[in-house]
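Using the sequences and the hints given, assemble the complete structure.
2 protein chains.
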Amino acid sequence: MSVVLTPEEELRNRIDRFQRALKRKGLDGALIAQNVDLFYFSGTTQRSVLYIPQKGSPVLMVQKSLERAREESVLELIEPIVAPRDIPRALRTHGFESPRAVGLEFDVLPVDLFMRFQRALPSVSFSDVSFIIRRLRMVKTPFEIEQIERAVHVVENLLHKAQSSIEEGVTELDVDGLIRRWARSQGDQGRLRMRGWNQEMLQAHVLCGETGAVPSFIEAPIGGSGTTPAIAQGAGHKRIRRNEPILVDVGAGINGYLADATRTFVIGDLPEKFYRAYQVLQEIEGLVESEARPGILCSHLFHEALKLAEAHGFGGYFMGFGQAKINFIGHGLGLEIDELPVLAKGYNSALEEGMAFAVEPKMVFPGEGAIGLEDDYLVVANGVRKLSHFEDGIIHL
Amino acid sequence: MSVVLTPEEELRNRIDRFQRALKRKGLDGALIAQNVDLFYFSGTTQRSVLYIPQKGSPVLMVQKSLERAREESVLELIEPIVAPRDIPRALRTHGFESPRAVGLEFDVLPVDLFMRFQRALPSVSFSDVSFIIRRLRMVKTPFEIEQIERAVHVVENLLHKAQSSIEEGVTELDVDGLIRRWARSQGDQGRLRMRGWNQEMLQAHVLCGETGAVPSFIEAPIGGSGTTPAIAQGAGHKRIRRNEPILVDVGAGINGYLADATRTFVIGDLPEKFYRAYQVLQEIEGLVESEARPGILCSHLFHEALKLAEAHGFGGYFMGFGQAKINFIGHGLGLEIDELPVLAKGYNSALEEGMAFAVEPKMVFPGEGAIGLEDDYLVVANGVRKLSHFEDGIIHL
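Taken in order, these protein sequences are the chains called S and C.
Once you know that position 384 of the first sequence is 411 in the working numbering, the rest is easy, because the numbers rise by one and skip nothing.
Once you know that position 337 of the second sequence is 364 in the working numbering, the rest is easy, because the numbers rise by one and skip nothing.
Check each hint, because a few of them may be wrong.
Which copy is meant is left open, so a pair is good if it fits within one copy or across any two.
Straight-line alpha carbon distances no greater than 20 Å define the calculated EDC-like cross-link-like pairs of lysine to aspartate or glutamate that follow [as the list claims (entries may be wrong)]: (1) K52 / D139; (2) K300 / E337; (3) K82 / E94; (4) K352 / E94; (5) K352 / E380; (6) K372 / E299; (7) K334 / E103; (8) K188 / D419; (9) K352 / E106; (10) K352 / E237; (11) K352 / E246.
Think of the hints as simulated: they come from the structure by calculation, not from any bench.
As structure tokens, then:
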């Protein structure tokens, strides 16, 4: 397998769109420092700060490794620096004498790095461009869709492997470990990214019976016990038993791009309630699939889904229980798992062609467990195209 | 396996020490928000902000999940909040009317969350306490040492498994996948943490032949190709061949606490140069082992190690090559892999009893590969105690 580099026209197109946004905001440029945004605009995650001016060529200022940054990025202006204090010199070298208004990623940039930027560029006024970047990133190119489709393929293989390995008596951790191994054997990138503060994405959530209903800090309808309060999510020591729901939510990453899918398995059988609830989840996914198209509001899809769950009497269990309930039913897919758009209460933006998202209707029954399904979609001209095709329904093992 | 909660006297002791530090700095209190620091002081990582006053009981203000935070933390004052804007009300409820000088974790706190704290508490002057927290955390209690020893045990088992599974023709990814699986089957927590900005720790670096010498952005002497520039480190698609060095650097986490070890394997044989270089690494580790004790400066150990590498003519390859060279030979072990102390150039603090650290002398030969070893130590009254006991030397398979 050869390494896939981000093509030049891809970077040029991203930078062009961002430069237009900078112009609209009246900014002279932006300093990009977070790994994912850096990768999006430069094709490398080598330790760097990328200056994207409103007009002209961006300057990639590299701390480590310069050699590797030059191999990975097709950007022309690549400049070594030792620390942020060298930024003004590097900018002057390329004709950017004295920017006055510069954007930063306020949602992820640590305060002390921000202060170092302020000391290096004392006459600059900084403002937040993180939402602009996240909005740019939400519409995918054919190159990006290809990467996501490859990740979807891996995720489906991981569900197949889970299906063939879940047995009575094995622990959640056993299945989780197998998924992690298989992921790597299929070229999974080895780390999946989530942007939100303190959010820490795991490759899989394998949760059986009552652990499916253990709430957690993460921005997700399910959490899991984990093995310790230090990492309070995901698989734990619980053994899989007959006649309880087994929820497997897996992610994978190829060339930076993520996919995400969920299925519910059972050994034996479940009380009737779970089957009825699962039918509602299928109806909800079907509703999103039929209604989603360019122009429709994300919040509308969320409310329609919630209404449907409530109409069937499952409103109280839908997307979590009690205080741990969340207000979204889907999220964008891309370089981060909490990418825009979110199909969420209050997210009143419209879908656009080229957006990719996961729909993940789930129900949580306290003390009993969680059930759910999750599939990945691409917004096309007149609707959505389903990217994942794993068999649906509660899957009997 | 039952869940290990952080004992009450453990939290009380940590908070006491922090409160004394706050007093010395003239701060009224600190707001702790990052997962790891939150876990250290409260025993939970549920989405919260923890106010530790200079005097009195801390207040854990929980966003999600309140129920789980109450189960995991033995702190008495646990208060639900919806957002940072509710902090003043929660503090007033417990008698903290108007703090004026409050510490924050500037090294990890994102700018926008900082600004939300500023808006919620407009009359407060904020300053950085992250280094104080990191310094507090570096001296371990018997409870913490027990967790680290459990993680060391897992790491040694992972090296054994790597030893028994490496074969000619398997890929770095295959071995990495097996290590990930085995880690989970031994109760590894599933995610290992690194504090530094943009640093992303992987469970293992399995690097054979020339990929051992591929430089990377991470704060480590070795990097690896990875599968993509998006995650530019760790195992890649390269197949393991005879007569090349195979470096396996693995981490594991138990109840939040990490351990880290490295060994070098070979199928067949290596050029004489590698054996000579490896002997130098063993000498260096031996030197650190014999010189490390309470009172010795960390920077001194680094310089002694570097001098020894140079005296043997390996200075140019020691701890990386060219621009990717790093200036440390060891790092603290605890809740994060880049914990204090660092045995580094310029880190002029002395070792203290109770510190735990990994020593990782490595050599990188461009185009040929990397060799290294790494063991974990605890500082005791009159020296150090070695925690890891895996066989040493270049290990023939």
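Quick rundown of the hints versus the structure:
1. In the homo-oligomer, the alpha carbons of K52 and D139 lie at most 20 Å apart only across protomers (19 Å), although the nearest pairing inside one protomer, at 25 Å, exceeds that limit.
2. In the homo-oligomer, the alpha carbons of K300 and E337 lie at most 20 Å apart inside one protomer (15 Å), although the nearest pairing across protomers, at 71 Å, exceeds that limit.
3. In this homomeric assembly, K82 and E94 never come within 20 Å of each other (Cα to Cα): the closest approach is 27 Å inside a single copy and 52 Å across copies.
4. Taking CA atoms no more than 20 Å apart as the test, K352 paired with E94 passes between copies only; the shortest distance there is 13 Å, against 47 Å inside one copy.
5. For a Cα distance limit of 20 Å, the shortest separation of K352 from E380 qualifies neither inside one copy, at 30 Å, nor across copies, at 46 Å.
6. Taking the closest pair of Cα atoms, K372 and E299 never come within 20 Å of each other, the shortest separation being 30 Å inside a single copy and 65 Å across copies.
7. In this assembly of identical chains, the alpha carbons of K334 and E103 never lie at most 20 Å apart, being 52 Å within a copy and 39 Å across copies at closest.
8. Within a single copy, K188 and D419 get their C-alpha atoms as close as 16 Å, which meets the 20 Å cut-off; across copies the closest is 37 Å, which misses it.
9. Taking the closest pair of Cα atoms, K352 and E106 come within 20 Å of each other only across two copies (18 Å); inside a single copy the shortest separation is 48 Å, beyond that limit.
10. Taking the closest pair of Cα atoms, K352 and E237 come within 20 Å of each other only inside a single copy of the chain (16 Å); across copies the shortest separation is 49 Å, beyond that limit.
11. In this assembly of identical chains, the alpha carbons of K352 and E246 lie at most 20 Å apart only when taken from the same copy (10 Å versus 39 Å across copies).
Consistency note: the structure conflicts with the earlier hints numbered 3, 5, 6 and 7.
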